[in-house]
Amino acid sequence: VVVIIGNSYSGEDIALELAGVSKEVHISARSRKSEVTLTNPVDGPGNIFLHPVIESLCRDGTINFHDGASIVADSIIHCTGYSYHFPFLDTKGIVTVNDNRVGPLYEHVFPPLLAPSLSFVGLPWMTVPFVLCELQSKWIACILSGKTLLPSENDMMEAVKDFYARNEAFGRPNHYTHCLGTYQFGYLDWLSDQNGCAHVEAWRKEMSEETVRNRVKRPHTYRDKWEDLYWLQMALSPESN
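To convert, note that position 28 of the sequence shown is 28 in my numbering; the numbers rise steadily by one, no gaps.
Please keep in mind that the hints were generated in silico from the structure rather than gathered at the bench. From the three backbone atoms N, C-alpha and C, an ideal C-beta is built for every residue, glycine too. Be aware that a few hints might be false.
[What the hints assert, rightly or not] With a cut-off of at most 20 Å between alpha-carbon atoms, the simulated SDA-like pairs for lysine to any residue come out as follows:
#, residue 1, residue 2
1, Lys23, Gly46
2, Lys138, Phe185
3, Lys205, Met126
4, Lys225, Tyr9
5, Lys92, Ser117
6, Lys217, Glu17
7, Lys138, Val200
8, Lys147, Cys197
9, Lys225, Pro45
10, Lys138, Trp190
11, Lys23, Ile71
12, Lys225, Asp13
13, Lys92, Ser119
14, Lys23, Ala69
15, Lys225, Arg213
16, Lys23, Gly61
17, Lys217, Leu50
18, Lys217, Asp13
19, Lys217, Glu227
20, Lys161, Trp190
21, Lys205, Cys133
22, Lys217, Ser8
23, Lys161, Asn174
24, Lys205, Trp125
25, Lys161, Arg101
26, Lys138, Cys197
27, Lys217, Met126
28, Lys225, Arg215
[Said to hold, decoys possible] Derived CB-CB ranges, DEER-like:
#, residue 1, residue 2, range
29, Gly61, Val97, 30 to 36 Å
30, His78, Asp99, 15 to 21 Å
31, Gly122, Lys92, 22 to 28 Å
32, Glu55, Asn154, 43 to 49 Å
33, Leu149, Lys92, 24 to 30 Å
34, Leu118, His220, 39 to 45 Å
35, His220, Ser75, 18 to 24 Å
36, Asp60, Asp155, 55 to 61 Å
37, Ala141, Ala169, 30 to 36 Å
38, Tyr82, Leu149, 29 to 35 Å
39, Val121, Leu57, 35 to 41 Å
40, Ile76, Asp189, 39 to 45 Å
Take these sequences, add in the hints, and give me the full structure.
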């Protein structure tokens, strides 16, 4: 019996892998409703169960969940993500990490008070990482080479404050500051504009969004079936580029 703490992509993938070799796999996640218990298994293998957060853990392996349910686990796997940490970087307090918000950063890259001499690549998540890092790196190169100019320090700081205010208005906690999600392609297109290069092709955007939809509809098999011919035709179509 295995308990996985966290139900984002890694947690779900690991749960599916373990379901084939474990008696039971239990996922504890703060984003799930408290009424989801052992009596309501996830559609699929039949031995994956969803729970709310863990209330307490006993020495004998008993795990008590927030809704009052309890199980005895053999192993616990933490799939709770990661924390940004830069012990090698001394900015005299100019750049800090607060609840996984690295800031203040203009467009997730440049700290206004230290730009352009200091920049960050790859902080955003819930995005296509390779394209993101490439476009951010190109933007930094354009800035350092003088091909593109950054706004003034004050303008960058005001943009950061506005961004934080919008997040707060939407009720997003600090640790979601660098989460792009549905905004990822808007951000990638913005980076492309800064670099003077073409936007990510429409077919790539559609393929990415279709993958997300398939993951929700059939998380156990979405990697095993794909319409290769359809996407090849889309890639070759002038309207999709």
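Fill in: Hints the structure fails to honour
Of the numbered hints, all hold.
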